[in-house]
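Visitor: Sequence:
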Amino acid sequence: IIRGFKTYKDQVSLARDFHPGVNVVVGFNGAGKSNFFNAILFVISDYYGTLRAETRKALLHEGAGPAETTAFVEIVFDNRDRRMPIDRDEVRIRRTIAAKKDDYMLDGRHFTKDEV
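According to the working numbering, numbering within the sequence shown proceeds without interruption in unit steps and concludes at 134.
Bear in mind the hints are in silico, worked out from the structure with no lab data behind them. Keep in mind that the hints are not guaranteed to be accurate.
Stated by the list, open to error - Calculated cross-link-like contacts (lysine-lysine; reagent style DSBU-like; alpha-carbon spacing at most 35 Å): (1) K131 to K75; (2) K118 to K51; (3) K51 to K119; (4) K27 to K131; (5) K75 to K118; (6) K119 to K75; (7) K27 to K118; (8) K51 to K27; (9) K131 to K51; (10) K118 to K131; (11) K27 to K75.
As the structure is a computational prediction, the values presented were derived from the model and not from experiment.
Using the sequences and the accompanying hints, generate a full structural model.
Guide: Here you go:
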């Protein structure tokens, strides 16, 4: 689920679009493919670890209409095989940013980045 992140102003859920096996992302130039992968990195990698004010602003959608003040990306992992040490079939990790806020959630509960 992506909302307010880069080119994704409105909330987008892609759950139906993925197959449990291999997936391919294709589209025209400027369709948002790179921003889709940046959204994944935003949640699970250190690439977007410490964000300066100008970097935060660049991650918030800046298109037509009112400016976005927050953005979030949530990834839902299939955990039926218990690959993650959490006793749930699905594990949800969400990262939310605002001008000066950075928030991580794991299955709806607040955690620090290191805990996630």
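Visitor: Please go over all the hints and tell whether each is borne out by the structure.
Guide: Taking the hints in turn, this is what the structure says about them:
A distance of roughly 20 Å separates the Cα atoms of K131 and K75; the hinted pair therefore holds under the 35 Å criterion. Note on K118 and K51: the hinted pairing holds, with a Cα-Cα distance of about 27 Å set against a maximum of 35 Å. The suggested pairing of K51 with K119 holds, with an alpha-carbon distance near 26 Å, which does not exceed 35 Å. Under the criterion of a C-alpha separation no larger than 35 Å, the hint pairing K27 with K131 is consistent with the structure, at around 24 Å.
Taking the CA atoms of K75 and K118, the gap is near 10 Å; set against the 35 Å cutoff, the hint holds. With a C-alpha separation of about 12 Å, the suggested pairing of K119 with K75 holds against the 35 Å cut-off. The straight-line distance between the Cα atoms of K27 and K118 is roughly 19 Å, inside the 35 Å bound, and the hint therefore holds. Proximity of K51 to K27 is assessed by CA-CA distance (about 15 Å); at most 35 Å being required, the pair is judged to hold.
Proposed proximity of K131 and K51 is supported: the alpha carbons are some 25 Å apart, at most 35 Å. Of the supplied pair hints, the one linking K118 and K131 holds, its CA atoms being roughly 15 Å apart against a limit of 35 Å. With a C-alpha separation of about 14 Å, the suggested pair K27 and K75 falls inside the 35 Å cut-off, and the hint holds.
When held up to the earlier numbered hints, the structure conflicts with none and fits them all.
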